[in-house]
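Q: Sequence:
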Amino acid sequence: KIAVTGGSAVVLCDSGTPLGGSWAEDGSIVAALHSNEGIWRIASGGGPPVRVTEPDRAGGENSHRWPQILPGGEAILFTAGNVTAFEETASVVVQSLTNHRRKTLWRGGYYGRYLASGHLVYVQQDALYAVRFDSTSWKVEGKPVAVVNGVASLPAWGAAQFDFSSTGTFIFAGGKPAGSALSLVWLDSAGKLQPLRAPPGNYHAPRLAPDGKRVIVWRNEGGSSGLWLYDWSRDIMNRLTVAGVVPVWSAGGTHLAFTSRSDPGRSAHGQAYEIQWVRADGSNAPRRLVQSRNRQYPFSMSPDGKTLAFVE
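Just so you know, we're using this note's numbering here: the sequence shown kicks off at 85 and counts up by one.
Please note that a few of the clues may not be correct.
Stated by the list, open to error - Once the Cα atoms are required to be at most 25 Å apart in a straight line, the calculated DSS-like pairs of lysine-lysine come out as: (1) 297 / 276; (2) 223 / 187; (3) 187 / 227; (4) 297 / 390.
Stated by the list, open to error - Per label pair, the in silico range of CB-to-CB distance: (5) 185 / 271: 52 to 60 Å; (6) 369 / 335: 17 to 25 Å; (7) 291 / 93: 29 to 37 Å; (8) 93 / 185: 32 to 40 Å.
I should point out that these hints are in silico values taken from the structure, not numbers from a laboratory.
Computed from a predicted structure; not experimentally measured.
In this text, a Cβ means the ideal position worked out from N, Cα and C, and glycines have one as well.
Make the full structure from the sequences, and use the hints.
A: Quick look at the structure:
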C-alpha cells in the first residue's frame, strides 16, 4: 500500500496472481491472492495472510475472486467458479467472516458488487444487472433487471470494468466482452492495416515465426482452446496442440515452447504447470521440459535452439 500523498510503498504480503481486494473499516484488507484459491485477510500493517474462504472443490469450485466487504465488515461478497471454464461456472456468493455461513445469491453472473442504494449488481453476457438486496439478511428481492448494456468485461476472469461511488456516481468502460470474435491483421511499418484471411475467432497472443510467413496463436474454438498455426502466405490454419498458452518460437522456426497445465494423473502434486516442446509442423506429440506447482512461462530461446529462458 502507499499513501495517496506519496511516500514509500509498504509490502503487505506475498501473492501469486492477485484478483481483487477490498478495504475493511479497521484497515485490514480481504483479497484474492491466487487465481486458484480462496480469499485471505491481511492486517493493516502487513504480515502473514489468514484464509477466510475455501473453494468448494467437491462442488467444482477452485477459485474465489473480486471480493467486496459488505457494510459492517462482517461478511464479504465475491465471485466463485472454476478457472477452466469460469464464465460457465461463475456465481455471486456472500459469506460471513465470523461463522463462515455462506449463500449463493446468483448463478451465471460475475463481479458482484453491493451498492449503497441497497442493490446487488453483477455482469452477465456484457450487461449489468441490478436487483434489490438486503446486506443484513442476505435476501434478494424481486427479479434482476438489465440496467446497462455493453459493459466491457473479461468473462474468463469473472471481471468487469466498472466502479461506483458511495454517492451514486457510476463509471464504466463500454465494449464487447473479451473473447468476442477478433480478426488477425498485418500492421506494416507505415501503420497500414491489412486483414488476413483467417476466419474471425477468439484469438490471443499471436507470435510471428522467424520466417515471417507463419503465426502461432492461442484460439478458443467451440469451448476447446489450444494453439493454432496459421500460414498466412498460403491461408492455411491448423490446430497444433489441444492446450497451451504463451508460445515461444525457436530461432530456426522449427519448434515451439509453451505453457500447459498438467494432467493431475501425471503429476505427483496434483494439478501443476509445465513447459512443453513441440515441432512446429506437428509431426510429434508435445514433450515436457519442466514442471512445477508454480506458474511457468517460456520467455525466449537461445540462437542455437539448445537453451530456453523461462519465468516462474
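Q: Take the hints in turn and mark each one as holding or not.
A: Status of the hints after comparison with the structure:
{"no.": "1", "hint": "297 / 276", "in the structure": "18 Å, holds"}
{"no.": "2", "hint": "223 / 187", "in the structure": "10 Å, holds"}
{"no.": "3", "hint": "187 / 227", "in the structure": "17 Å, holds"}
{"no.": "4", "hint": "297 / 390", "in the structure": "23 Å, holds"}
{"no.": "5", "hint": "185 / 271: 52 to 60 Å", "in the structure": "53 Å, holds"}
{"no.": "6", "hint": "369 / 335: 17 to 25 Å", "in the structure": "23 Å, holds"}
{"no.": "7", "hint": "291 / 93: 29 to 37 Å", "in the structure": "34 Å, holds"}
{"no.": "8", "hint": "93 / 185: 32 to 40 Å", "in the structure": "36 Å, holds"}
Of the numbered hints stated above, none is contradicted by the structure.
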